Structure formats: C-alpha cells, structure tokens
Amino acid sequence: DAKTTQPNSMESNEEEPVHLPCNHSTISGTDYIHWYRQLPSQGPEYVIHGLTSNVNNRMASLAIAEDRKSSTLILHRATLRDAAVYYCILRARPLNAGGTSYGKLTFGQGTILTVHP
Amino acid sequence: DSGVTQTPKHLITATGQRVTLRCSPRSGDLSVYWYQQSLDQGLQFLIQYYNGEERAKGNILERFSAQQFPDLHSELNLSSLELGDSALYFCASSVDGVGYNEQFFGPGTRLTVL
Numbered sequence: 005d006a007k008t009t010q011p012n013s014m015e016s017n018e019e020e021p022v023h024l025p026c027n028h029s030t031i032s033g034t035d036y037i038h039w040y041r042q043l044p045s046q047g048p049e050y051v052i053h054g055l056t057s058n059v060n061n062r063m064a065s066l067a068i069a070e071d072r073k074s075s076t077l078i079l080h081r082a083t084l085r086d087a088a089v090y091y092c093i094l095r096a097r098p099l100n101a102g103g104t105s106y107g108k109l110t111f112g113q114g115t116i117l118t119v120h121p
Numbered sequence: 221d222s223g224v225t226q227t228p229k230h231l232i233t234a235t236g237q238r239v240t241l242r243c244s245p246r247s248g249d250l251s252v253y254w255y256q257q258s259l260d261q262g263l264q265f266l267i268q269y270y271n272g273e274e275r276a277k278g279n280i281l282e283r284f285s286a287q288q289f290p291d292l293h294s295e296l297n298l299s300s301l302e303l304g305d306s307a308l309y310f311c312a313s314s315v316d317g318v319g320y321n322e323q324f325f326g327p328g329t330r331l332t333v334l
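Just so you know, the sequences run in chain order A and B. Using this note's numbering, the first residue of the first sequence is number 5, and each one after it goes up by one. Using this note's numbering, the first residue of the second sequence is number 221, and each one after it goes up by one.
Worth flagging that the hints you see were computed from the coordinates, not collected in a lab. If you're wondering where the values come from, they're calculated on a predicted model, not measured in any experiment. The beta carbon of each residue, even a glycine, is placed where N, CA and C say it ideally should be. Just to be clear, a hint being listed does not mean it is correct.
Unchecked claim - The calculated lysine-lysine pairs, modelled on DSBU-like cross-linking and capped at a C-alpha distance of 30 Å, are:
no., chain 1, residue 1, chain 2, residue 2
1, B, 229, B, 277
2, B, 277, A, 7
3, A, 73, A, 7
4, B, 277, A, 73
Unchecked claim - Stretch by stretch, here's where chain A covers chain B in the computed footprint (C-beta under 8 Å, at least three residues):
no., stretch
5, 281-293
6, 303-315
7, 324-333
Can you build the whole structure from these sequences, using the hints too?
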C-alpha cells in the first residue's frame, strides 16, 4: 500500500476553517484518496474521498494537488464536535485491487485535531 | 449511529481464555471487515468477509478466526488470549466487497485481558 504522511497534531479555533494536509508522493494513478475520522470513544467514520478533482460534501471539502502527491481536507467552520483523529488513506481502485486488497483500509497514525472554543 | 452493532461493548477475561465478538452489519451490506486498535499498533485490518466467504486477510493471528453467517452477521473468535490482545476491536460493513463504497464502523468492543 502506498504510504501517507500527516502531521501528528493540529489545533484550531471554533468556527474557523481548518486545513489538514496529507502527503502521498508514491500514490499510483488508480489510488483513491479517502479521509476518515475517529471521534473520541467511537469507531472511525467516513468523511470524503476523491481521485483527481476537488470534492465537496456536507462534512468537508477535499482539495487534491494537480500531481496528486498531496491533498488537503478542509473543514470550513470547525466545531467542537470536529475534534478527532483524521486519517488520510489511499485505497486502490477496485478493478486493480486484485490480490488481498478488496477494499481494506490501511490506517496510518493520523492527525489529532484539537478545536478550541 | 452507523447502523453497525457490536456486542458486547466491554469484555474482561483472563489469559488463556477464549472469547467471541459479534457484529451485525448495516441492513443491505454484504461485506464485513474486522479491525484491531491498540495503543502501540494503531488501527489494523484483520480480516474481511463478503457474503459469507472470506475475502481478504490482514495481520490476523492464527489464534484468531472469524466467520460470516447466512444472515450476514459476523463473529470474531479470539483464543488462547494473551495480555497483548487487549485492544479495541471494530467491525465495519460496506455494500460491496471490493472497495467502491465507504465503510461504516460499529462502536467497537473493548477487550481487556488480565
């Protein structure tokens, strides 16, 4: 699995935007970029994913660099509820998964986001 | 609420014992994944089942086994437990078995081995 690199921790103030970076310089052309987050004492939850173009949903936006070697998860207005560990994960496109991939998620250390009131 | 249920929520047992963790996937989801989260190893994929059949294996110990039943619920069996098996065990489900769709995680089972 291609590797991702994220800062260990970041801090933000409530109602301010948060930009969470992720580097994935060894990404292959068919890897999707997924973001999951884990709130305290809960299981991980899906946030967003993309391949090449920037993506928006009700939770966040995902900005993908043109060379796809990095991406940024954007929380437009952080709330206290957004305090969590954020994981950037590369996931092989299913048709190319083959072998033993089949959609498993490979979690790194993630970024611990602290939101201050 | 993700729609994935896991029982029990907490489990305390002794070394050498055997336990069974249960997972019910979201309605309509055919794929079940098991993950282990420990302080030193982080979140690690253990095993995946799709529609009753084993689909992929990760870092699962030989002492651990799993199965998925016809009603699609899954059980993870952990035997000859060691102190190092203490961890949070998460189950996740998804509609497909090849990674098109996101995974929905349950609340986890916290296993403590004394």
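Structure-based check of all given hints:
1. B:229 x B:277: With Cα atoms ~24 Å apart, residue 229 of chain B and residue 277 of chain B stay inside 30 Å; holds.
2. B:277 x A:7: holds, 19 Å
3. A:73 x A:7: holds, 11 Å
4. B:277 x A:73: With a Cα-Cα distance of about 28 Å, the restraint between residue 277 of chain B and residue 73 of chain A holds, given a limit of 30 Å.
5. 281-293: violated (count 0)
6. 303-315: It holds: at least three residues are needed, and the stretch 303-315 of chain B offers 3 whose Cβ sits within less than 8 Å of chain A.
7. 324-333: holds (count 5)
Checked against the numbered hints given earlier, this structure breaks only hint 5.
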